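**Student:** Chains as they are written, first to last, in the working numbering: chain A, 57 to 437; chain B, 1108 to 1392.
Hints listed in this document are in silico derivations from the structure and should not be mistaken for laboratory results. Bear in mind the structure is a predicted one, so any value in this text is a computation, not a measurement. One should not assume that every hint holds.
[Unchecked claim] Some but not every residue of chain B turned toward chain A, in silico, with C-beta under 8 Å:
(1) S1286
(2) D1289
(3) E1294
(4) A1296
(5) S1297
(6) G1300
(7) A1301
(8) V1307
(9) V1310
[Claimed, not checked] Example chain B residues on the side facing chain A (calculated, C-beta under 10 Å, incomplete):
(10) G1124
(11) K1125
(12) S1185
(13) Q1292
(14) A1295
(15) V1298
(16) L1299
(17) R1302
(18) P1303
(19) R1305
(20) P1313
(21) A1314
(22) I1316
(23) L1319
[What the hints assert, rightly or not] Negatives, chain B to chain A, calculated, CB over 12 Å:
(24) F1211
(25) L1234
(26) F1334
(27) G1335
Built from N, CA and C at the ideal position, the CB exists for glycine as well.
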Amino acid sequence: MSAVAFTGTSVMDIDAAKIRGAGSNVHFDKVSVAYGSHVVLHPLTLDIAPGEILAMIGPSGSGKTTALRAVAGFVRPASGRIRIGATDVTDLPPYERGLGMVVQNYALFPHMRVEDNVAFGLRAQGADKALIGERVKDALATVGMATFARRYPRELSGGQQQRVAIARALAVRPRVLLLDEPLSALDAQIRRNMVEEIARLHRSLPGLTILYVTHDQTEALTLADKIAIMRDGRVCSHGPTTELYRRPPNRFTAEFLGRANLLPVTVAEAVGSKGFATARHGDVVLTGAGRDEEAGDKSLLCIRPQHLSLTAGGEHTNRIVGTLREVHWQGELTHLVLDVDGTPVRVSATKLPVELPEPGAKVPLFFAPADTSLLPEDAGV
Amino acid sequence: MSDAVAIGAPAIRREPGKFWIVPPAALLALLFFYPLALIAREAFLDDSGVANPAEIISVLHSRFFLNALINTVTISVSATAGCLIVGLVLALILAFVPFPGSGFIARLIDTFIALPTFLVTLAFTFLYGSAGMLNASLMETFSLPLPPVDFLYSTWGVVLAEVTVYTPFILRPLLAAFSLVDRGQIEAASVLGARPFRIVRQVILPAAIPALIAGGSLCLLLTVNEFGIVLFIGAKGVITLPLLIYGKAIQESAYQVACIIAVVNIALSLGLFGLYRFAAGRLGV
Ligand SMILES: Nc1ncnc2c1ncn2[C@@H]1O[C@H](COP(=O)(O)OP(=O)(O)O)[C@@H](O)[C@H]1O
Ligand SMILES: [Mg+2]
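Pulled out of the complex, with its shape left as it was, chain B reads as follows (with noise of 0.2 Å):
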């Protein structure tokens, strides 16, 4: 008696939540599907509702297309090397070198996340921009008809903008991870006669590889998908797949165009995305 009230009780409350699957699916629908179907269709058919591959082919094959992919590539290759290696070795000296107050640097730098993009970028103009300070006391200093220092319009001023404002993103979770680390395994290792380099190497790294992977495919997904920074500076021929699908649209509009690029850099980042998740499912975060 008792059993056959227990069975029936699930199957009433499962019908409430099949409902409950229809509005988030509407929204997510008008708001994400439908104009991610209306992008598609604009790249593979014409003006006339007929397939054109020769467009798509001519557009793949073009030298604009390829030199933004291979800017795009670089640039957030590059930018996600920077910042695992400066958000590791950040990591490390906050999880394991005791100083007063790494609490709140450690803070200070998550509030980074905060900030919209393009700040740094401004803030890097102010700094190293031709008119900038650098420049400016450099000039002074040696008398210089020219600004000395023009690193910053050039694809390396992006991917040093980008590792300033995408380090935190590798750093938050490689402190949780660092923060599960047994602190007697690190002893256990020093004992037995490990100096601090090969600790890191074979005690710490290990344990801290799925957030190294998570931080990482974020830091690459975030990176090629960067518009603000990338115009922000405005370095002549750095033109990464998001600002060439803005060319395109906005200021030739050539629309077809735009969503053929616009496609593959969608590919490009649902790849990135699956990654992350992948990833951050095995950290459990």
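Pulled out of the complex, with its shape left as it was, chain A reads as follows (with noise of 0.2 Å):
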């Protein structure tokens, strides 16, 4: 049965039969985890569907990797349950879950040859000799690494040895695989590719459950079905990307994900059947989509630099006036920080009108009430 390669049995036949439960989804279930007195992850409950890949975000010390380690079985949780697939996996040592792990710094094996790194898994897990070369081969092939088989880890680049970080989690067919930070050691330009080659390879390996932690929300933007926002050891927001991004539930979120403009204003009329209501922001009236508003809840608009239009017309419907401070071009796009009655606005154009506004002057902006959301003003700050 072990013999027929390819077909996404894994050859942990043994162990894996232990996890081979339904699908492979990860299922946190009021997980906490203390270092001692100091509590780091607050009870935790999240489930990552199979095949989904989750994108765990949040700033430095909130939680993430602690998150992640008690996933692969590094961090002993004080409380809770995770499950993968079917399984308790909560007592079971690392080498039983059956999971891929890649790191920051790709940690691989020095004094073996790539392609002795990449069947390493394989061969701890009894693989017999012909799956092993098959699987190496293939591993190899799928992050375009298959003519260094041969090299040494120091003969490589730090991109082309996080490819092989990446076909040595791959190679053991692993029903999860944890992504720590893969890309932060990398710099820019090899950071933009691997993030596309990583989505690319979800869509080969569709799949597999990937639990990818990031501090990067452009890398969590562009790959995750799903975003986790983590701050002080708590998930403050979980939902599909697009959604959290265009509708973010509180003010952390809205910050954390791009940029965000956030204007307060004062509810003027609750929320209607079409999902939106008005607001004012001093004297100005404005449209906004909202949730649960009511009548003089105080709240913030949300508005993405990239919504602000400096030309009126179409859904733009709600206009703001601000003082122009700076203007900052960066070729693809223009960069303008206005003063809207003390609060900065950012406006990321494109398309700029053809007379461009001396700093000093009152310029409109014009936005859509559908690239808007309301947020409550105080939730999880």
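Reassemble the complex: the two chains are provided individually, in unrelated frames, and hints are given to aid placement.
**Tutor:** This is how it looks when you write it as structure tokens:
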């Protein structure tokens, strides 16, 4: 049975039997972690669906790595259970969990050639020789490193080493791939390419569940099906990537996922049947997408810089006026900074009027209600 | 113009450098090479100053020399093997099994290096000697007429004492090497399905090979030349090269025989020292 290659069957016949439940979802059930009296992960309940990429994103020290290491088996939860598929893995050692893991500094075995690094997991699991040969070739081809099989890690660049690390994790056909800041050690250009490659990789292995830990919002937005935003050991928001970006439930989420302009407003008219509310910013009445806001609520109107336009028209029915402070031309994009009644407002524009206003000028800004989101003023802060 | 200055400066500075080699070289010659040359001269020439190969050949073929050589090699190889095994196990535990106070234990074992070697032997005599605590309590408990444990006065007693004394010399470089092993590699191996024993064999040990060679050759060197421990245990018939040299020179006044054996001993030591330097160089210590 195990001789059939490329069927998605793990070679871990004995060990994998334990985790060979239904799907390869990951379930955190009220998992908490403490170092001594210092609680670094407050009871966390979270589900990663089979085949989903969940990006766990948050500032340094927010507990992302801790959550990932709890799945891997290197951190013992103080309470709660972790399930992979139908199996409760909370008490299993790492080598019986059937996972793949890639970390920031690659952690390749320096005295082994690339092919032996990739074969390591299969050998540890007692796969037969022919299968190992095939899987190693396949895994190296997947990451575009087939011609480097005979090299040692020290003879490779950082990006190449990380590809080998990914191949090494994929060769064992893990149910879940854990990635902890896998691209943080690479420079910007290579990082962009690698993000695209990981996305491609996931398209070719759609059944693979991925937990992707990062502090980089671009990586998260590019790759993830869902995002969980961590803050001080808690998940402060969790949801489908585009939804979380377009309708952030709180200020922290809005500001962590890309740039956000947050205008303080007072709700004038509660959310109607179409999901929109009207709100006052000073004398200006604006329409924004809301949830359950009531008239009189203090709120923040979130607008992304690229959704603000200097020209009226179409859907752009909201209008505010600001004083232009700075203009930064960056080729493809021009960044403007304005002052709207004391709130700094950023605009990223691809198209500019022929006559660019001078700093100090009053400039009207237009935006569509559908591109906004009303946030509670204090939630999550 | 500025080039000329830059080139001229080091040339001037090199002159005092040449001079400074004289004092250490002279001291080395006086304290080290001269006595060495005397020993070599004494070994190869007889009293009338004529080369005497017959004497050398007869010493090298003698029963007492061959016995001592075999004893020396047996003891030092066994003791080194023992040190490597005990040192490796201890180092793995100290470096990779988290327990409170492991740092303290490591430092404690480290201070062993500072103690004189015969001290352990003395302690062993108190513990396992014929009038030691172990034998005394066994004789009392089982009303035995004679001490039942007498391994101490044998080759194995010497080996045990040397393992105790010299294991820290293995432990030290091993702990240094282990501290450089990336914990991420161990974790990666573990996630990939490797059990602890495989991780030790395939991930940790390859990183420790230079340390093992360096520590092992240092142990061989020290145990080949060990004098105090062997003398202190005073096991009958356990004569090693240093003990034989001592006996021939001091007790029998057979200086030429002592010097011939000394030359063999020195050659053995220098060979082992070369091995140690080579391995230590690879380790970067
Ligand atoms: N081994 C440890 N011992 C004590 N505290 C730790 C340990 N590992 C992490 N922490 C603490 O746990 C918190 C979360 O760390 P971590 O999960 O690494 O954060 P992140 O990956 O989001 O940057 C931090 O405050 C960190 O100092
Ligand atoms: Mg981290």
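**Student:** Run every hint past the structure and note whether it holds.
**Tutor:** Hints, one by one, checked against the model:
Nearest Cβ of chain A to the Cβ of B/S1286: about 16 Å, over the 8 Å cut. The hint is violated. At its closest, the beta carbon of B/D1289 sits 6 Å from a beta carbon of chain A; the interface hint therefore holds under the 8 Å criterion. With 8 Å as the threshold, the beta carbon of B/E1294 comes within range of chain A, its nearest partner Cβ sitting at about 6 Å, so the hint holds. The closest approach between the C-beta of B/A1296 and any C-beta of chain A is roughly 7 Å, which is under the 8 Å cut-off, so the hint is satisfied.
For B/S1297, the interface hint holds, the least distance from its beta-carbon to any beta-carbon of chain A being 4 Å, beneath 8 Å. Interface restraint check: B/G1300 against chain A, minimum CB-CB distance 4 Å, threshold 8 Å, status holds. With 8 Å as the threshold, the beta carbon of B/A1301 comes within range of chain A, its nearest partner Cβ sitting at about 4 Å, so the hint holds. At about 13 Å, the closest approach between the beta carbon of B/V1307 and any beta carbon in chain A exceeds 8 Å, and the interface hint on this residue is violated.
Interface restraint check: B/V1310 against chain A, minimum CB-CB distance 6 Å, threshold 8 Å, status holds. Evaluation of the B/G1124 hint against chain A yields a violated restraint, the C-beta minimum of about 37 Å exceeding 10 Å. Interface restraint check: B/K1125 against chain A, minimum CB-CB distance 40 Å, threshold 10 Å, status violated. Annotation: B/S1185 was flagged as interfacial toward chain A, and the flag is violated, the nearest CB pair being 30 Å apart, outside 10 Å.
The criterion of a C-beta within 10 Å of any C-beta in chain A is met by B/Q1292, whose closest approach is roughly 5 Å, and the hint holds. At a threshold of 10 Å, the smallest CB-CB gap from B/A1295 to chain A is about 5 Å, leaving the interface hint in force. Look at B/V1298: its Cβ gets to within about 4 Å of chain A, closer than 10 Å, so that hint holds up. Here the hint on B/L1299 is kept, as its CB sits about 3 Å from the closest CB of chain A, short of 10 Å.
Interface hint status for B/R1302: upheld, as the beta-carbon distance to the closest one in chain A is roughly 6 Å, under 10 Å. The interface hint given for B/P1303 is met, as the beta carbon of that residue sits about 8 Å from the closest beta carbon of chain A, less than 10 Å. Below 10 Å, beta-carbon pairs count as interface contacts, and B/R1305 has one with chain A at about 6 Å; its hint therefore holds. Against a cut-off of 10 Å between C-beta atoms, the interface hint on B/P1313 holds, since the closest Cβ of chain A lies about 4 Å away.
Given hint, B/A1314 at the interface with chain A, holds; its Cβ is 7 Å from that chain's nearest Cβ, closer than 10 Å. Look at B/I1316: its Cβ gets to within about 9 Å of chain A, closer than 10 Å, so that hint holds up. Interface restraint check: B/L1319 against chain A, minimum CB-CB distance 14 Å, threshold 10 Å, status violated. With a minimum CB-CB distance of about 20 Å to chain A, B/F1211 clears the 12 Å threshold, and the non-interface call stands.
The beta carbon of B/L1234 sits about 40 Å from the closest Cβ of chain A, which is more than 12 Å, so the claim that it is off the interface holds. With a closest Cβ-Cβ approach of about 39 Å to chain A, B/F1334 is found to remain outside the 12 Å limit, as its non-interface label requires. Residue placement check: B/G1335 keeps its beta carbon more than 12 Å from all beta carbons of chain A (closest about 39 Å).
In this structure, the hints that do not hold are numbers 1, 8, 10, 11, 12 and 23, in rising order.
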